[in-house]
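Q: So you can see what is in the structure, the chains are spelled out below.
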Amino acid sequence: MSVQPDPESDRAREGSSDATPGGLPEFRRPGELAFAVFLALASAGLLFSAHDIAGFRALSSPGAIPMATTAAMLVTALLVLWKTARQPKTGDETLRIAVFPASVIAMAVLLIGYALLLKPLGFLPTSALFLFIAIKLLSGRSIVFTGVVTLASVIGIWLIFRIVFTVLMPAGIVPEAEIIQIFRDLFNGGA
Amino acid sequence: MSALMDFLTVFTQPQLLLLVGLGTFAGVYVGAIPGLSVTMAVSILISFTFAWDVYPAISLMIGIYMGGVYGGSRTAILLNIPGAPSAIATALDGYPMAQKGEAGTAIGVTTVMSFFGGFIGILVLAAAAPAVSGFALRFQPRDYMLLAVLGILLVGSLSSGSLLKGIFAGAFGIAIGSVGMDPLTFTPRFTFDQPMLRGGINFIAVMIGMFGVSEVLLQLHHVNTPAVRQKISRIVPSFGTIKRYLPLSLQTSFIGVIIGALPGTGGDIAALMSYDHAKRITKNPETPFGEGAMEGLVAPESANNAAVGGAFIPMMTLGIPGDAVTAIMIGALFIHGLNPGPMLMIDHPDMFWFIVGALVTANFFMLIFGLTGIRLFVKIVEIPRAVLIPLIMLLSIVGAYAVNNSITDVYWMLGFGVFGYFMRLYGYPLGPVILGVILSRLLDDNWRRAIISEREDLGRFFSGIFHSPLSTVLLLAVVLIFVSQTPLWRLIRRRKA
Amino acid sequence: MRTIVFGAMTALAFGATAVSAQDYPSREIQGIIQWGAGGSTDTVMRSVTPHAEEVLGGTVVMQNMTGAVGAIALNYVADAEADGYTVLMGAENPMLYRTMGLGERDYSEFVPINLLARGTPILVAGPDAPYSTYAELMAYIAEHPGEVRFGSTGPGGLPSVITAMMQSVEGELDVIFVPYDGDGPALTALQGGAIDVMPAVLGAAIENIRAGTMKPLAIFDTERNERLPDVATAVEGNEGYSTYLPWGPFFGVFVHEGTPDEAVTALTAAYAQAAEAEDFRALMDTRGFTMMNISGDEAREFLAAWQSTTAWLMQEAGLAVNNPADLGIPRPGE
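Protein chains in written order, with our numbering: chain A, 1 to 191; chain B, 192 to 688; chain C, 689 to 1022.
Source of the hints: derived by calculation from the structure; they are not laboratory data. Cβ atoms here follow ideal geometry from the backbone N, Cα and C, with glycine treated the same way. There could be a bad hint or two in this list.
Not the full set, but computed from the structure, chain B residues with beta-carbon under 7 Å of chain C [stated by the list, open to error]:
no.	residue
1	Pro374
2	Leu375
3	Ile559
Isolated chain A, as found in the complex (with noise of 0.2 Å):
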């Protein structure tokens, strides 16, 4: 028998803020059980590792308070793990829906092309690739209008970063370092 919780709005599900997140304190939701075993076992392993650092040489070793704070962690987990194994299940959520709907598998899909193709195409190309495709997926807006955003949004980021900041994105296929010296050339040819 599954009880249904209290009906409560998807806010409150996921919080309203950092200060205030989500979940439902008396109920377990889909993959709840599972992520407190993962945190449980991966706070384990960096006690492990934590005891690794220096062992328990000094009061004042470097692995002191890895030690102390992992070891705080496995123990939070365990009784988190405890706690969360023993409450009912809600009813009327499925992990399909409360933790990977389509949109986030779809953005999660885009944000691994992205960090796969950064690198050898650099920049520019890729973050217009990324924001088109987004965009046009998650609006279903025209492809002019898409266009017109994402080329927008990216030059206006590749300014304020790049020129102003000098921050040195990934340049990839796009030689922009020679773009800018004949801008440069340009301004100083004209001055």
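Given chain A, put chains B and C in place with the hints provided.
A: Relative to the frame of chain A, chains B and C by itself:
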């Protein structure tokens, strides 16, 4: 009356006035864009203003500094991405307000309170710099450690859901902060023999991922829900509102100045501690904390701008930077032929009063630029989600990259974004993670310094605490807050009632 | 739309290949600063580079790339194309990476464009310390074993090298070493009384010495410093130091081995001239740095000698992770 003349330098020279204004304006936007920091902007300005005179160069830097500290709150309120670490606490209640359509009000209050906090900071700098810096110097490693412990106790007020999950999140944050080569002994920690982990995990990347990306991923659940219409009826807060929050603002401004003046702690810790203070002393907020409480905006924003004046205190009196930005300004003064140090106030008293004057000017410009253009800024939230979400993603990526020109940081940012998404879904608070990362070094380094200084002897360590009034007070504060916060205490009280 | 964008980009790409045949520099140069904004390496590089830009007639975009004691920046430049458009602006630390087990690479993979200046170490104490000279400090340590707190900044940093020198000359010192993550925070702690004695670079302490908030005990050099003529040298305190001194941290500009000669020549000439700029020299002088302005073989010899002295010192102090002999670093004087 030469002090007064030096103080008025900025006001009487149109060129300097213009530079401070320009700097403040730029600062607001630099601060608002995650990944672009005031530290970065000021260090670029060092080469840029290399050939200038010292007054114009410093004017521009001070403008950027003041505007930047304030600007961080913009994106925190509108997008839940703090533009700078010192705006983390602002996101906690500011973003919920924006989601209710009250972004305009939130920014208005933030601006006025930042102005007020900034002013208090400058006042303390002008009136009591030597006394405050003398006090700040008295902080020993064990005092910094106790301060860090005090900070870690904020986990209680940052986790409104499950305290257990909050403690887990806080400990996790401290662990993240210790990844990489330990800066004191160069021992690798949690590096798993991966070269890319040696440099540690960039804190800004964690922050952007946890706050920004996790929020965006959650928003993807409701791509088609129309964006919240923003009410823009009242932006400049009424006199009544200001008067009501003035006492809180004053208190948290003083927290800001002191924490800002301590070398080794800055606006980020000041803002979080003030948030906690507000939560503790506000018995019945109109809106609960975490859901858009005005007090939750007033406190951190007063404190982080007050910390600006605070950071200048050790810089001007001792040549010791109060934070990363003042560290670069010290470099700038060197380049311009001044010798920042304890003698600066004696050799160049004009510089001190000039800086105070420039700070006051920047503070006024911040108020002006803060209150104008809000209507336009608020429109960002009204952009359809389908366009806004990909844009925030891209901005987060660029921001994470920009901090240290590292693609690894981008991967971390995305990883923490996904992790934060799950944490949000399952009721783990994210605030304590960031708190843990911020306090990790402060706690770890100073614990080790303190215990090494006492030759690894815990007995000597505690007797040291009780022999110092400062340490004793800090320890008492730690104990009091701990007892008042633990569920144990609540349980005892409930039993008695 | 997308095809148009890509078309335009390819066109630009082709257009630009034609341009890159120009003389060096045909585009902007990346300057990777090994240390954070506001540090001494940062200040030095940001004040010398504008002069070099003038000579070069190009732009050097400077970036701070911190992490792993500078190794992140070193690896970044070493992995970038050796075309003269990525320049490393660093300090002495990489010469100890192999000895201290912090990395596999050092400046031997790089061409020194210019070693700008070196710093002079100085031993300072708090103003109320019960000792005012090197000899008094040594006597005090002997009388109060395990009491004096020395500031340190991790193995391989200036304080660790100086204390290694002291232990090698004076024998084991029974003192407490309190670790800090840089000489700035440590000198702050010295003023607050959290530590008693600190080996630091002269420039970082000179203003405090002038103000009387720190007391100089000894200059770690063979000759007295003209900025502090009253402070005795370590050699005056103990003749044994003459084996190791003069020694000091340094700043330099480097490009990766294999960079075209044209670029190396242009950069070397630019920085050599920039280092002569009056305001730069004045800055270095007030910060207590000794100008070197050397390049080419002279710089290589300096680097090799520096590495040999320091690596073997760390080895003798028992701080080295890898034996310099195994790394092919000759003993000093060999």
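Q: For the restraint on Pro374(B), tell me whether the closest CB of chain C is nearer than 7 Å.
A: holds (4 Å)
Q: Does Leu375(B) pass the interface hint, meaning its C-beta sits closer than 7 Å to a C-beta of chain C?
A: holds (4 Å)
Q: Holds or violated: is the Cβ of Ile559(B) closer than 7 Å to a Cβ in chain C?
A: Interface hint status for Ile559(B): violated (29 Å vs cutoff 7 Å).
When each numbered hint is compared with the structure, a violation occurs for hint 3 only.
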